[in-house]
Amino acid sequence: MLEGLLLGIQTAFSIQNLLMVVGGCLIGTFIGMLPGLGPMSIIAIMIPVAISMGDPSAALILLAGVYYGAIFGGSTSSILLNAPGVAGTVASSFDGYPMAKKGQAGKALTVAAIASFCGGSIGALLLMIFAPALSSVALLFHSSEYFALMVVGLSAIAAFAGAGQVTKALMMTILGLILATVGEGALFNMPRFTMGLMDLQSGFGFITLAMAMFALPEALFLVLKPRSSNSAEAGEIKDLRISRQEAKAIAPVIGRQSIQGFFIGVLPGAGATIASFLGYAVERNIATKKEQDEFGNGSIKGLAAPETANNAACTGSFVPLLTLGIPGSGTTAILLGALIALNVTPGPRLMIDDPQIFWAVIISMYIGNLILLVLNLPLIPYIAKVLQIPRNYLIPFILFFTLMGAYIGQNNATELLMLVGFGICATAFKFANYPLAPLLIGFILGGMLEDNFSRSMQLYDGVAFMWERPMTLGLLLIAVGLVILPSYRAHRASRLSAKQ
Amino acid sequence: MALDRWIALILLGICLVYGYTAWFTMDSSLAPFMKRNPIWPSTFPKVLSVLGIVASTIILLGFEKSDDKPGEIDYRRLGDYHLGQALLLLVLMVAYALFLRPAGFLFSTAGFLILGSYILGERKWHLMIPIAIVATFIVWYLVQEVLGIFLRPLPTMLGG
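Going down the list, the protein sequences come from chains R and U.
The numbering of the first sequence is the working numbering, which starts it at 5 and goes up by one.
The numbering of the second sequence is the working numbering, which starts it at 342 and goes up by one.
Careful, some of the hints might be misleading.
Unchecked claim - What follows is a set of in silico ranges between Cβ atoms, one per label pair, in the way DEER data are often shown: (1) R:G341 with U:V391: 40 to 46 Å; (2) R:T198 with U:V391: 18 to 24 Å; (3) R:D357 with U:G489: 29 to 35 Å; (4) R:D203 with U:M375: 24 to 30 Å; (5) U:K376 with R:T418: 31 to 37 Å; (6) R:Q249 with U:T362: 52 to 58 Å; (7) R:N347 with U:T366: 50 to 56 Å; (8) R:Q249 with U:Y416: 36 to 42 Å.
Hints in this document: simulated from the structure, not taken from any laboratory.
Cβ coordinates follow ideal geometry from the N, Cα and C atoms, glycine included.
Assemble the whole structure, with the sequences as input and the hints as a guide.
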């Protein structure tokens, strides 16, 4: 292993590969900021460039850099414009955008950059140590465990329900799950609830729904009630400083979420989205009552948790790819395609046959994370200045990027009409204090939940898998705990306050 | 009745229609061999329809106590805000969706950005027009020429 590691360091630190990391991170960050272009599309676009280089190590290092850069770029549009372009950065907008609204855009971007760096770096360390052993554990996960994992992800909705909002959050989750059933499912191969419309054959687009739920209502609220510009806020926008107290508060969050996010990322199919939602829910559940109230209103912990978890999960997703040749997500599936095109076969023998590729990719993950931090920190004041653009120019641009995000993904103008329709509904929900995040969580997880539930039902000829498989049962119990714990704590707090 | 209950009423209607489709119409077109499976395409929707009906009824009947304080914007006083601008921008977005293909990306996007600023009260034409044109061209160049995602630049009659 040590010999392979040294070979990897030597390969990763060659001038050509260092340039690949820098280039990949920069390209990924800037294109990732455009809503609608997630890591998967950017990597797909970069594949011809990577393959034309002919060197598998350099190609994979370039694509890994693009991957990390795109995740960070996506967080930037989530935080500044409340426009999450990919599912993995949705949770970052829950507290990142309120921070930006409070005039702390610079600080929010700094927290995101540091949390991403730590999540990615700790993830790379864990990848180095556990990769061979974890690959066999990942294979123990069957469809029933995946179903239970999705239930754990859905239980995160309890974290978004404020006082008197539990049923509303549940209703929104059900609505998200209902929307996910529209279209032709992978398992049943028959159209459902399409009303005979061809445009609904493949279901609703994630980007369309994400833009409609977050970016469009926010832009409409800005139009309805213009925010008064405040000179103190304007000065603070560029301020990157994190106080010692804040650093102390987020350090344990980063530690916990790096580990949790990495292990969730290892599971094929789980990925950054579940890791970020679960990270947010777990941190909210273990926070003190006062800190819990801050979640959703610009909590620094609420931003650090999903940012760390999604980056650690991205690193974790390389475990099944490199050690088993199984792509755990759409993005790693594209990377697998690139590797095969370069005559490299990922799998258990990759570490033995091509150690320089295996270890160079891991080492370049460290370098990529460091370069992302070094490149992005000085750029943050300029990126944050987006919020100082006059409203009369900023709002049309937000609306335009919202529309473009939905259009680029599907190349279908009907998506734009759906976006406006859903946006009007989301604005009405917002007026009536219905939380919007659970709807999107339900929609994202709905398809996977139904597919895995159906597979388990077919395999076990009923629902007995829920108690017959210990891992499934354990995960379902965790989900129940995640739902009950906040309600129990709220009930106990209200009893205590009533006594006083 | 408060807005959240009106919304719950609409959601209840949606769940009833969804449930009717799942319970009474979906299974009729199912192939006989699929009927032997423990799970059908309608199983999950059936469960969701029941849950949706229960949750929307709880909100509608007000079983869960929630504080009725207005949010960031009080919908009861919408007239006090810039409602006209918001509605005009929504109409502009619909128009953009309808004109994007026939008018081409460059014309429709530049028009959208200029009219959007105009609706919001901007009258500095010497800034609005160049900013919109330059931004439109940069986005088109980046998306089509650099990333290779096709965006028809001009109307069909101009050879776009």
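Against the structure, the hints come out as follows:
1. R:G341 with U:V391: 40 to 46 Å: 42 Å, holds
2. R:T198 with U:V391: 18 to 24 Å: 22 Å, holds
3. R:D357 with U:G489: 29 to 35 Å: 34 Å, holds
4. R:D203 with U:M375: 24 to 30 Å: 26 Å, holds
5. U:K376 with R:T418: 31 to 37 Å: Given range 31 to 37 Å: holds, Cβ gap about 34 Å.
6. R:Q249 with U:T362: 52 to 58 Å: Holds, at about 55 Å.
7. R:N347 with U:T366: 50 to 56 Å: 52 Å, holds
8. R:Q249 with U:Y416: 36 to 42 Å: 38 Å, holds
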